[in-house]
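Trainee: We have chain A already, so just place chains B and C on it with the hints.
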Amino acid sequence: MPSLISPAERDYILKGIECNIRADGRQRSDFREITLETSVVSQTSGSARVRIAGGSDVLISVKAEIGPVQVDPETGDGADKGQIICSIECAPSASQQFEGRGADDLNNELTQMMSRFLCSNNTAISSLSPTCSGSGGIDLSKLCIIPGQQCWILFVDALVLDYGGNLMDAIFMGVRAAIYDTKIPKTEVQDLGDGQFEFEVLDDEEDIDFVHGREDMPICITLNKIGTRHIVDATLLEELCTEAKLVVAVNRAGEICGLQKNHDGSIEPSLLLEMIQVGKTMGQALIKNLDAKIKEEAESDLTKRLQGDPARKLGFFAQ
Amino acid sequence: MTSVADAVVPGQRLGHIQEYNAGEGTYAHQDFLYASVVGIKKVTIADNEIPTMSVQRENTQSAIPDINAIVTCKVVRVNPRFAAVNIMVVDGKPCTDDFQGIIRVQDVRATEKDKVKIYNSFRPGDIVRAQVISLGDARSYYLSTAANELGVIFGTSVAGGSLIPISWQEMQCTKTKVIELRKCAKPM
Amino acid sequence: MDRKRVPGPELSVAPLVEYPADFKRWTPQDECRHDSKRQPEDMRPIYLKTGLITQANGSAYIELEKTKLACGVYGPRPIKRVGQIFSGRGILNCEIKFASFSCAKRRSNIRDPQERELSQILSQALAPAVRLEKIPKSAIDVYITVLESDGWGSCVAAAVTAASVALAHAGIEMLDLVAGCSASYIQTAPLSISSLSISEGDTGSISTSTTNTNKTITATATATQPPQIFMDADFEEEKYQQGAIVLAYMPSLHEITHVLQSGKAESSTISQSVEHCMEACNKIYAVMHHALLESIGENKEAL
Numbered sequence: 001m002p003s004l005i006s007p008a009e010r011d012y013i014l015k016g017i018e019c020n021i022r023a024d025g026r027q028r029s030d031f032r033e034i035t036l037e038t039s040v041v042s043q044t045s046g047s048a049r050v051r052i053a054g055g056s057d058v059l060i061s062v063k064a065e066i067g068p069v070q071v072d073p074e075t076g077d078g079a080d081k082g083q084i085i086c087s088i089e090c091a092p093s094a095s096q097q098f099e100g101r102g103a104d105d106l107n108n109e110l111t112q113m114m115s116r117f118l119c120s121n122n123t124a125i126s127s128l129s130p131t132c133s134g135s136g137g138i139d140l141s142k143l144c145i146i147p148g149q150q151c152w153i154l155f156v157d158a159l160v161l162d163y164g165g166n167l168m169d170a171i172f173m174g175v176r177a178a179i180y181d182t183k184i185p186k187t188e189v190q191d192l193g194d195g196q197f198e199f200e201v202l203d204d205e206e207d208i209d210f211v212h213g214r215e216d217m218p219i220c221i222t223l224n225k226i227g228t229r230h231i232v233d234a235t236l237l238e239e240l241c242t243e244a245k246l247v248v249a250v251n252r253a254g255e256i257c258g259l260q261k262n263h264d265g266s267i268e269p270s271l272l273l274e275m276i277q278v279g280k281t282m283g284q285a286l287i288k289n290l291d292a293k294i295k296e297e298a299e300s301d302l303t304k305r306l307q308g309d310p311a312r313k314l315g316f317f318a319q
Numbered sequence: 001m002t003s004v005a006d007a008v009v010p011g012q013r014l015g016h017i018q019e020y021n022a023g024e025g026t027y028a029h030q031d032f033l034y035a036s037v038v039g040i041k042k043v044t045i046a047d048n049e050i051p052t053m054s055v056q057r058e059n060t061q062s063a064i065p066d067i068n069a070i071v072t073c074k075v076v077r078v079n080p081r082f083a084a085v086n087i088m089v090v091d092g093k094p095c096t097d098d099f100q101g102i103i104r105v106q107d108v109r110a111t112e113k114d115k116v117k118i119y120n121s122f123r124p125g126d127i128v129r130a131q132v133i134s135l136g137d138a139r140s141y142y143l144s145t146a147a148n149e150l151g152v153i154f155g156t157s158v159a160g161g162s163l164i165p166i167s168w169q170e171m172q173c174t175k176t177k178v179i180e181l182r183k184c185a186k187p188m
Numbered sequence: 001m002d003r004k005r006v007p008g009p010e011l012s013v014a015p016l017v018e019y020p021a022d023f024k025r026w027t028p029q030d031e032c033r034h035d036s037k038r039q040p041e042d043m044r045p046i047y048l049k050t051g052l053i054t055q056a057n058g059s060a061y062i063e064l065e066k067t068k069l070a071c072g073v074y075g076p077r078p079i080k081r082v083g084q085i086f087s088g089r090g091i092l093n094c095e096i097k098f099a100s101f102s103c104a105k106r107r108s109n110i111r112d113p114q115e116r117e118l119s120q121i122l123s124q125a126l127a128p129a130v131r132l133e134k135i136p137k138s139a140i141d142v143y144i145t146v147l148e149s150d151g152w153g154s155c156v157a158a159a160v161t162a163a164s165v166a167l168a169h170a171g172i173e174m175l176d177l178v179a180g181c182s183a184s185y186i187q188t189a190p191l192s193i194s195s196l197s198i199s200e201g202d203t204g205s206i207s208t209s210t211t212n213t214n215k216t217i218t219a220t221a222t223a224t225q226p227p228q229i230f231m232d233a234d235f236e237e238e239k240y241q242q243g244a245i246v247l248a249y250m251p252s253l254h255e256i257t258h259v260l261q262s263g264k265a266e267s268s269t270i271s272q273s274v275e276h277c278m279e280a281c282n283k284i285y286a287v288m289h290h291a292l293l294e295s296i297g298e299n300k301e302a303l
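Protein chains in written order, with the UniProt record's numbering: chain A, 1 to 319; chain B, 1 to 188; chain C, 1 to 303.
For reference, chain A alone in the conformation it holds in the complex (with noise of 0.2 Å):
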């Protein structure tokens, strides 16, 4: 992961933007090949895979576990909700930059800009920040076993084994599939009585839920402002000319669910409304066709296997 570029590069690169056509030969608003995978992981209660061609590559995985309710003091909330809780990592191998501490600015970055999108109404950012209902989609309360007790958390980890620019996005998609993949199993729950409860995880293969509100999960569109004008689905190097990044969280109604700027440049005002108008509708248009491919990978594993087939998996890495 080179982090200098020369000015010539910037230029070449500055000027095909202008122009309409970049260096691999797309548009401005073309993305690269994206492979996706689910199922990848078998100690995961669901797991995707994403590598967008000629650049990053990200494992999700989602584990399902058991753990007592988060209840905030202050406004009481939380009792009947399970948690969601993200984190990024880049992995060491991934890039020369990411030995020792070197990752832990992006990861932190990452990981909060994810947990602000998927679950902003997480008590564990709560203490400051707001209160946000539901942007993240996933219905919480779903995943309350018994209230003010016991609830599923479900841990969604990122791990960046390739890094070739817009990783959020790649992420997002990854995490989208992933979810989709999940399978929590299905709990019982018995009244023993004065306010007493105990519940058994059945251990049945066909007794499982699905995540609720996985359909209204938000995916992002990282737009890249080079110049004057913007792109999508950056390149490292396209990256390292651009001035700001927006990131745009959309679900599947067209509804914004998170904005942020990264990187040191600023955004005139009314790039930046149609930048996100752009965001909206480039992302409306991805969740349909990744849940159309997920759909897909979905039905061709459970045929393989109601045929006794073995999954046939591309595995890590694989173009």
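Simulated from the structure, these hints should not be mistaken for lab results. Just so we're clear, the structure is a prediction, and the values are computed from it rather than from any experiment. There could be a bad hint or two in this list.
[As the list claims (entries may be wrong)] Mimicking DSBU-like on lysine-lysine, the simulated pairs with C-alpha atoms at most 30 Å apart in a straight line are:
hint, chain 1, residue 1, chain 2, residue 2
1, B, K42, B, K117
2, A, K186, A, K15
3, A, K288, A, K304
4, A, K15, A, K183
5, C, K134, C, K37
6, C, K134, B, K42
7, B, K74, B, K42
8, A, K63, A, K293
9, B, K93, C, K49
10, A, K304, A, K293
11, A, K183, A, K288
12, C, K4, B, K74
13, A, K304, A, K186
14, B, K186, B, K117
15, C, K49, C, K37
16, A, K63, A, K186
17, C, K134, B, K93
18, A, K313, A, K295
19, C, K24, C, K80
20, B, K74, B, K93
21, A, K142, C, K80
22, A, K293, A, K313
23, C, K66, C, K24
24, C, K105, C, K37
25, B, K74, C, K80
26, B, K42, C, K49
27, B, K42, C, K283
28, C, K105, A, K15
29, B, K93, C, K80
30, C, K4, C, K49
Mentor: Structure of chains B and C alone, referenced to chain A:
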């Protein structure tokens, strides 16, 4: 006398670039001239030229070394290749925090560079006047004393007395009259 | 673990506060704001003063009623961090610290991930305005201490405002001042809780819910009403917000240096709130301008 009406803050529009030249504390952006510091605006009128608009800072930013600036520094460490110094004053303005600089052996004097010995030019504790020749590496600025007015301006001898220059490469202790070798600055 | 200080107990319970019998918590249905003197588009009055920290090169103190922050700027000074590669530009380093007593819940003395992210957001918001190319190889350190926080958004916005005034006060060359402003989207139309949960929980999308019972249809009808934009919301109001936006804006260059939005909102609401925030930033700019000119006046008297 200046009035508060002439006081400006960063981002304040000062005029059109066709009317004024951008001076210190200002910048030009899309046909207009803006202030970039808090201060009092001033117009300097020059002959045959459009007047220069500048803003005199209210709170001076602490000085930072720039190429060609004359700095006053203190020697902290010497070795055969260079003398390490702390830059304390830049162009007569004190720095809030010391910047690190080095005077390499080839930058000590202008002639007979191969004969220079750092030990015979600087000792730790000497106060040196030098010129910044480059921004150097990530850590230190590179300085030079290759001019008559540049070199040691104050030092103490082994015995503890202050040194006075007696030639361009010798200094004498006021206490013991011992002669020590230095790259002296020509007294100004 | 923080070994330098005596840590508080691991588990603590907030004290029970007994409210008087006629006490009523503010809700968005009250048809006024939490601070009943304010209109939705009104900000809280701002008190801004420079030069209160004597040791810093530049400093500023800002107060929006119960949101109080102090900011000190040091530099430009040599880069302290080891392993920094040579760069022809200066570095802007921001750090924000919430005092342990600043929020409803006690905050730890150790820098938490949120403070680290906010620090990064602040430097991204301020960097476009600072002429870093003028100070090669040097760093500017901006330290912000939050003394009291009444609302998350307003706290971030105030930090941006205070930091840019402190930078200007330190005599650092800047392209423009950066004003920060926050807004919250709050649903003020009366909504019964039960109907809201139906419309949100099961379907979420409007097109399918119209086929449901009558009750749901009425609920979605009210839910589609755009939420009210409350400028500079305080903590009580933030509890009811659907979303919030923080905007940093350079008024005279007319450029947005940072935008941070969380929660769900229609894009029309966002563009409207961006407009509102920019207007508010212009008002804040006047306050910043005044505070900096005042500092000039004081220096003159001292001479």
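Trainee: Are the hints correct? Go through all of them and say.
Mentor: Do the hints match the structure? See the list:
1. K42/B with K117/B: The hint is violated at about 49 Å.
2. K186/A with K15/A: At roughly 56 Å apart (the allowed maximum being 30 Å), K15/A and K186/A break the hint.
3. K288/A with K304/A: Roughly 25 Å between the alpha carbons, so the hint for K288/A and K304/A holds.
4. K15/A with K183/A: violated (48 Å)
5. K134/C with K37/C: The hint is violated at about 46 Å.
6. K134/C with K42/B: holds (21 Å)
7. K74/B with K42/B: violated (36 Å)
8. K63/A with K293/A: Holds. K63/A to K293/A sits at ~22 Å (cutoff 30 Å).
9. K93/B with K49/C: Holds - the C-alpha atoms of K49/C and K93/B are around 27 Å apart, at most 30 Å.
10. K304/A with K293/A: holds (17 Å)
11. K183/A with K288/A: holds (22 Å)
12. K4/C with K74/B: At roughly 36 Å apart (the allowed maximum being 30 Å), K74/B and K4/C break the hint.
13. K304/A with K186/A: holds (24 Å)
14. K186/B with K117/B: holds (19 Å)
15. K49/C with K37/C: holds (25 Å)
16. K63/A with K186/A: Roughly 15 Å separates the two Cα atoms, so the pair holds.
17. K134/C with K93/B: The hint holds at about 17 Å.
18. K313/A with K295/A: Since the Cα atoms of K313/A and K295/A sit roughly 16 Å apart, the hinted pair holds (cutoff 30 Å).
19. K24/C with K80/C: Violated, at roughly 53 Å.
20. K74/B with K93/B: holds (15 Å)
21. K142/A with K80/C: Judged against 30 Å, a Cα distance of about 50 Å means the pair is violated.
22. K293/A with K313/A: Holds - the C-alpha atoms of K313/A and K293/A are around 15 Å apart, at most 30 Å.
23. K66/C with K24/C: holds (21 Å)
24. K105/C with K37/C: holds (27 Å)
25. K74/B with K80/C: Distance of about 19 Å is within 30 Å: holds.
26. K42/B with K49/C: Holds - the C-alpha atoms of K49/C and K42/B are around 26 Å apart, at most 30 Å.
27. K42/B with K283/C: Given that 30 Å is the threshold and the Cα spacing comes to 27 Å, the pair holds.
28. K105/C with K15/A: With a Cα-Cα distance of about 52 Å, the restraint between K105/C and K15/A is violated, given a limit of 30 Å.
29. K93/B with K80/C: holds (21 Å)
30. K4/C with K49/C: violated (33 Å)
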